[in-house]
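Q: In case you want the letters, here they are:
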Amino acid sequence: MAKLLFEWDYSSYPGAKAYPNLFKPIQIGNLAVPNRIKYAATEENLNDHNGFITDADVAYMRSRAEGVVGGLCFMQGVYMDEKRQGQGYVGQAACWDDKYIEGLKKIADAIHGEKAIAGFQLMDCGRVGAVEVDSGHGPSTVPQRLRIFKPMYEMTNAEVKEMVQQHIDAARRGVEAGFDIIEISGIVGYLISNFLSSYTNRRTDEYGGDIRGRCQSMVEIIQGVKEVCGPDIPVGIRLCSEELLDDVKGNTPEESMETYKIAEEAGADYISCTLGWQESIYPVISRDIPQGNWLHLAKRAKENVNIPIQMAYRLFTPDKPNKAIGDGELDIWEMCRSMIADPSMPKKVLEGREDEIRHCVACNLCLARLFRDAPMTCYINPLCAHEHDENFYPKPVEEDDKKEVMIIGAGPAGMECAYVAAQRGHEVHIYDIREELGGTLLEAAHSPYGDEELLTCPRYQKKMCEMAGVEFHLGTEVTDELIQDELPDTVVIATGPVYSKIQGKGGDRENVVNILDVMSGKAEVGENVVVWGNRKPGIGVALYLAKQGKKVTIVGKEKTAGFDINPSFKWRYMIFLRQNGVMAYNDCDIEEITDNEVLVKTYDGYRLPVKCDTVVVSEREANENFKNVVQAEGIEFFVIGDALVPRNLSSAVHDGYRIGLRI
Amino acid sequence: MPVNAEKEISTLWRNLHNAQSEICKTFYRWREVAIEVAGPDVKPLDIAMKAAEMMGKDLGKNLLPRLNWLKGEEAFILNLGRALAGMWVNEGGVAFAEKGENEGEAFVKCTRCPWPTAAKEFGVPMEEVALTRERLFQTILGDANVFFNINMKIEMLKAIPRGEGMYLFRLYKEN
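Respectively, the protein sequence lines represent chains A and B. Each residue of the first sequence is one higher than the last, beginning at 83 in this note's numbering. Each residue of the second sequence is one higher than the last, beginning at 54 in this note's numbering.
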């Protein structure tokens, strides 16, 4: 009889009817899991730099535990060696001593408090570890491909055995802390994956050689952890179904499937199916990868083993995992980024509130920050990693403090601010000259490579605004007179930016057009285009036009194109530009525009003519409109989003949220 | 358009060559510093060879993200040769790589090298110039060999500073 930790009955919920496969039970080892939902272990750099759990991490985990509605909720992977070679993140939790149990227990208790199953992950970061020390440890001294990682040290045979024991000891501590299920991380370049891969394991002892030898440490860990945990605690492992390292002689897909079979033989109760390494040259989770793109790998895994298979990786909506589970291609739907963006995501699915989900836009800012030793944040969820801070939650205002708020601009900044202020009790009116909500995102979403996913943000905000009672005034141009007539208590200027004029000669010619007119199809664009501005919007419009077969050149003042794209995504855009033949002249200005040429001037004075029949302006500046009138009328006002400083969607959302809290 | 293309290009060209010439001169200026700091008991050649090793190690790290095995061994070896020649070109040399007659072999040739000229200016023996180039390339291969689990070697068959008219390196896989 499988052990059931908490009773859940989903039968009355609409989501259980719409997605019956997601809300049916499954047995993992001897544990009964009420549904097929899992928040997968994700680092967030929220713990202290000695590995002790903080209140921030507990609160972060509690909100995810609430979201899985009785499913699996895994805390971040812990490192297990006192030397800290296995530590890959400055805020990673530690578990190399019993002194950590007390803190870990707080997380297990928080998860249990939400009637969810508490998962504990063992993660020695191996090749991508040693964040606080001088060298990483691994099976062999294979040099790092990426300079951000530390040089490698080859573990002795005794040290491998010690590492196996560290996993076993840490698992015992996890169980003592109250966790219900243990997971071993063997993916993306972490230590176990280093042992498994022909790329990084060149050993000649019993821990190297053929695939069986390379799996030996994994086998010993699984068996040892199983033994220490006992029959009631399932033990699973995360393994790459494909390393995507064929360019450096990594494992073949067949070898990867062999690792699955060997893990099952060793006693693993489930496998979490992943792909790719941090060193892989192929994209796996960026926005250009279609949703559900990797489900065939879960299916293949299920064809090779008989234990449950779990998977995340571009599964942001419930339909695909529901179908895959129904078709027998998957057992459990894992989530990382989609529950970073909205911790209540599966709960909202269950309750039939899908239109209230704040969807991840796959920007990878969360990962980019972790690799740069910064605490987790989310591009579009301002509350992420602040769950412990009561100042980050909307607080109702006193009756006497309620205000009439006029928000100018129904883009992401304005709408975010609008619903937060309205939730607090203010009377909020949002104005936009357009008939449609979303601001410049409506145009930005026309960029290729999956940017239509950006529209999930205004859809969510619209719903939130409607629920909070925000009044929309669309198709209404705000003028000084309108402000003077309405005389609101507060004005929030969220108009978006103004577009820069080109100072060079010819900057006012007819063949100079605005990016928004281009992206919305209003402007005619010739075959040879120069885009003025080498930040995100410039790159977006350049790719949009290049996809139409136009010859596009970017000219911009920044030293590198796309410097404002987060580093974990920028490499994709640089490849897109190359693939589409887009040339970028950075650190440059436009000196002159004629009918068929643009004269580009480099920062140090060289000049070169570029064939061009249309110039597209994407450079932006802060918007100073309305400041004078609101100041003159003595109205409280705030400027947010690109109207304040042209930046990005994330800044717009975060600005809007914070000002919404302040009004 | 009021651009005098000849003037723009000639200025750029001149500045590029000045910058390339500074690469060699800077190295030799530092060589003098190292010799003075090391004192009379250390041979200048040993210092230069150590510098070549350290530079090679670092240059080799730059190669790792750019090399790959996707097109097989022969393409890998030729690309490695091209990468070595490319470094020389950046320094102001005229260099290229060619496939060898045997399997697992490529040749790196340099018909014009700025280093001997600069070396003369600083009184550096010509043999040292040749030996440091060889050591530099050998060290670059070190990390690539471990990374790709292959045993590539490189040997200098001809050298401009030895009066042989060109540099000729044989890059080959040792079984």
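To be clear, the hints were calculated from the coordinates, so they are not data collected in a lab. Worth double-checking, as some hints may not be accurate.
Claimed, not checked - Each computed EDC-like pair below joins lysine to aspartate or glutamate, with the alpha-carbon atoms no more than 16 Å apart:
{"no.": "1", "chain 1": "B", "residue 1": "Lys124", "chain 2": "B", "residue 2": "Glu156"}
{"no.": "2", "chain 1": "B", "residue 1": "Lys60", "chain 2": "B", "residue 2": "Glu85"}
{"no.": "3", "chain 1": "A", "residue 1": "Lys544", "chain 2": "A", "residue 2": "Asp686"}
{"no.": "4", "chain 1": "A", "residue 1": "Lys652", "chain 2": "A", "residue 2": "Asp671"}
{"no.": "5", "chain 1": "A", "residue 1": "Lys243", "chain 2": "A", "residue 2": "Glu258"}
{"no.": "6", "chain 1": "B", "residue 1": "Lys124", "chain 2": "A", "residue 2": "Asp329"}
{"no.": "7", "chain 1": "B", "residue 1": "Lys103", "chain 2": "B", "residue 2": "Glu85"}
{"no.": "8", "chain 1": "B", "residue 1": "Lys78", "chain 2": "B", "residue 2": "Glu156"}
{"no.": "9", "chain 1": "B", "residue 1": "Lys226", "chain 2": "B", "residue 2": "Glu144"}
{"no.": "10", "chain 1": "A", "residue 1": "Lys331", "chain 2": "B", "residue 2": "Glu85"}
{"no.": "11", "chain 1": "A", "residue 1": "Lys197", "chain 2": "A", "residue 2": "Glu89"}
{"no.": "12", "chain 1": "B", "residue 1": "Lys124", "chain 2": "A", "residue 2": "Asp328"}
{"no.": "13", "chain 1": "A", "residue 1": "Lys232", "chain 2": "B", "residue 2": "Asp111"}
{"no.": "14", "chain 1": "A", "residue 1": "Lys629", "chain 2": "A", "residue 2": "Asp370"}
{"no.": "15", "chain 1": "A", "residue 1": "Lys632", "chain 2": "A", "residue 2": "Glu606"}
{"no.": "16", "chain 1": "A", "residue 1": "Lys683", "chain 2": "B", "residue 2": "Glu61"}
{"no.": "17", "chain 1": "A", "residue 1": "Lys99", "chain 2": "A", "residue 2": "Asp287"}
{"no.": "18", "chain 1": "A", "residue 1": "Lys639", "chain 2": "A", "residue 2": "Glu673"}
{"no.": "19", "chain 1": "A", "residue 1": "Lys188", "chain 2": "A", "residue 2": "Glu89"}
{"no.": "20", "chain 1": "B", "residue 1": "Lys60", "chain 2": "A", "residue 2": "Asp329"}
{"no.": "21", "chain 1": "A", "residue 1": "Lys331", "chain 2": "B", "residue 2": "Glu126"}
Q: Which of the stated hints cannot be reconciled with the structure, identified by number in ascending sequence?
A: As far as the earlier hints go, 2, 3, 4, 5, 8, 9, 10, 17, 19 and 20 are violated by this structure, in ascending order.
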